[in-house]
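Q: Sequence:
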Amino acid sequence: MESGAKCYTYNNGFIHSKMLSIDGRVCCVGSANMDIRSFSLNFEVSAIVYDEATTLKLEEAFKQDLLKSTLLTKEHYKSRSGIIKLKESISRLMSPIL
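Here the sequence shown is numbered in the UniProt record's numbering, starting from 1 and rising by one per residue.
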């Protein structure tokens, strides 16, 4: 966030998918995280699509998801409750086995 990135929380359930659009012409879409665990251990996949029409449809779907999301501010993040911080800490400790 300090570098200008915007983070959102999705309010309509859970989203695990990722989408990267490059100049509205090429996109990468899938479920894989960009880490060694996803690439070598987990059964996740991403596809690179070289089609402008598909890329534009995916961009529109992303924009629709943003309408169901809330911008996360630094103030909101810093004011997380103690129980949320505890859950995050436990999750971090368990991340190597998850």
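Heads up, a few of these hints could be off.
[Stated by the list, open to error] Restricting the straight-line Cα-Cα distance to at most 30 Å, the calculated cross-link-like pairs of lysine-lysine (DSSO-like) are:
#: 1; residue 1: K6; residue 2: K57
#: 2; residue 1: K18; residue 2: K63
#: 3; residue 1: K57; residue 2: K78
#: 4; residue 1: K74; residue 2: K87
#: 5; residue 1: K68; residue 2: K57
#: 6; residue 1: K68; residue 2: K6
#: 7; residue 1: K87; residue 2: K18
#: 8; residue 1: K18; residue 2: K6
#: 9; residue 1: K74; residue 2: K18
I should point out that these hints are in silico values taken from the structure, not numbers from a laboratory. Owing to the predicted nature of the structure, the values given are computational and were not obtained by experimental measurement.
Q: Taking the hints in turn, state whether each one holds.
A: Evaluated hints:
Between K6 and K57 the alpha-carbon distance is near 22 Å, which keeps this suggested pair within the 30 Å criterion. With a C-alpha separation of about 13 Å, the suggested pair K18 and K63 falls inside the 30 Å cut-off, and the hint holds. A distance of roughly 35 Å separates the Cα atoms of K57 and K78; the hinted pair therefore is violated under the 30 Å criterion. At most 30 Å may separate the alpha-carbon atoms for a hinted pair to count; K74 and K87 meet this at roughly 19 Å.
Note on K68 and K57: the hinted pairing holds, with a Cα-Cα distance of about 17 Å set against a maximum of 30 Å. For a cut-off of 30 Å, the pair hint linking K68 to K6 stands: about 15 Å separates their Cα positions. A C-alpha spacing of about 24 Å is found between K87 and K18, which places the hinted pair at or below 30 Å, so the restraint holds. About 15 Å separates the Cα atoms of K18 and K6, which keeps this hinted pair within 30 Å; it holds.
Between K74 and K18 the alpha-carbon distance is near 23 Å, which keeps this suggested pair within the 30 Å criterion.
When held up to the earlier numbered hints, the structure conflicts with hint 3 and nothing else.
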